[in-house]
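Work the whole structure out from these sequences, hints included.
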Amino acid sequence: MTRVLPLILICLTCVTLGQICFRAGARSPSSSGESAGEDDGLLATAMRPLILLGVVFFAVHLATWMLVLNRVDLGKAYPLMSLDYVMVTLGSATILGERVQRRRWLGVACIVVGAVLIGGN
Amino acid sequence: MNSEPTKTAQTEPGSGAPPRRVPWTAWTLMAVSILLETGGQTCLKLGARAVQPGLSELETISQAAGSLWSLAGYACIALQFPVWLGVLKRMELSIAFPLGSLSQITILLASVFVLREGATVSQVAGIGAILFGSLLIVGDGAP
Numbered sequence: 000m001t002r003v004l005p006l007i008l009i010c011l012t013c014v015t016l017g018q019i020c021f022r023a024g025a026r027s028p029s030s031s032g033e034s035a036g037e038d039d040g041l042l043a044t045a046m047r048p049l050i051l052l053g054v055v056f057f058a059v060h061l062a063t064w065m066l067v068l069n070r071v072d073l074g075k076a077y078p079l080m081s082l083d084y085v086m087v088t089l090g091s092a093t094i095l096g097e098r099v100q101r102r103r104w105l106g107v108a109c110i111v112v113g114a115v116l117i118g119g120n
Numbered sequence: 000m001n002s003e004p005t006k007t008a009q010t011e012p013g014s015g016a017p018p019r020r021v022p023w024t025a026w027t028l029m030a031v032s033i034l035l036e037t038g039g040q041t042c043l044k045l046g047a048r049a050v051q052p053g054l055s056e057l058e059t060i061s062q063a064a065g066s067l068w069s070l071a072g073y074a075c076i077a078l079q080f081p082v083w084l085g086v087l088k089r090m091e092l093s094i095a096f097p098l099g100s101l102s103q104i105t106i107l108l109a110s111v112f113v114l115r116e117g118a119t120v121s122q123v124a125g126i127g128a129i130l131f132g133s134l135l136i137v138g139d140g141a142p
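One line per chain: the protein sequences are A and B, in this order. Start counting the first sequence at 0; every next residue gets the next number (numbering that gives the first Met the number 0). Start counting the second sequence at 0; every next residue gets the next number (numbering that gives the first Met the number 0).
Hints in this document: simulated from the structure, not taken from any laboratory. Backbone N, C-alpha and C define an ideal beta-carbon position, used for all residues, glycine too. Treat the hints with care, as some may be off.
What the hints assert, rightly or not - Okay, the calculated bits of chain A under chain B, using three or more residues with CB under 8 Å as the criterion:
(1) 8 to 19
(2) 76 to 82
(3) 98 to 108
Said to hold, decoys possible - From the derived model, a few chain A residues whose C-beta atoms are all more than 10 Å from chain B:
(4) L4
(5) L52
(6) W64
(7) L95
(8) L116
This is how it looks when you write it as C-alpha cells:
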C-alpha cells in the first residue's frame, strides 16, 4: 500500500484542481444573462473553458489511477481519494485565507483517521 | 378582506411543494451518478487487473487503458460527467457533497461481492470514519 501512496498523491492533486475547475465552471452564470439556475444545455456548460481545463486534469488523474488499480484493491484505494476533501479544506484555509469552522477541522481529522486505518495496513 | 382562499392557477396535483425544495430530478441524477461511479470504478479495476505483471509504468497504463473493461469504465465516467454537472446545477453543494460520499459504501459492496477483494475490519471502520468526516465538513454553517 505504501508503494502507491505517491501515485495516490498525484491523483489527489489532479482531482482537487479538476474539481475546483468543474465547480467554478458549472456555477458561473450563463453568458446570455439568464438566471444561473436556468438550464442552458449540458453541452454549452461542458464547453466552458474552466470545464475543459478540468477535463485535462481528469485525464492525468485517470492514467495515474489505472497504475494504482493495477497494484492495490479498489476497496482500499478508493476511500483514500476522500483525502481530496482534506486538501480542499487545507487549501481554502492556507491559500485562500478562508476561516474554517472547528466542525470542519473535526471532519478533516475524521477523514485522515479513516484514511490511516485503510492505508496503514 | 375576502376570507375565502383565492383559487390560483395551481391545477397540477401534488404541486404544493415549496419552490426552494430540491427537485426530484436532482435526487434521480444523484442516484444515477453514484451508480455510474460504482460501475465505472469496478470496470476500471477489472481493466487494470487484466494487465500482465512486470511491465513498466507506461506499458501498464497503455495496456490497462486499452482493455475492453476499461472502455466500459470510461463510458460510465463519460456519462457520469454531465450527470454530475446536472446535479450541481440543481442542488446545493452542501447537500451534493456528503451524498456523493455514499459511493464509498456502494464501491465497498462492489469490491467485496463483484471483485471478491475481501474486506478488513480496519477498512470498514476507516470508511465509516470517512463518511462521518464528510458529514462534519458540510457542517451547520451552510444556509
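**Prompt:** So which of the earlier hints does this model not fit?
**Reply:** Numbers 1, 6, 8, in rising order.
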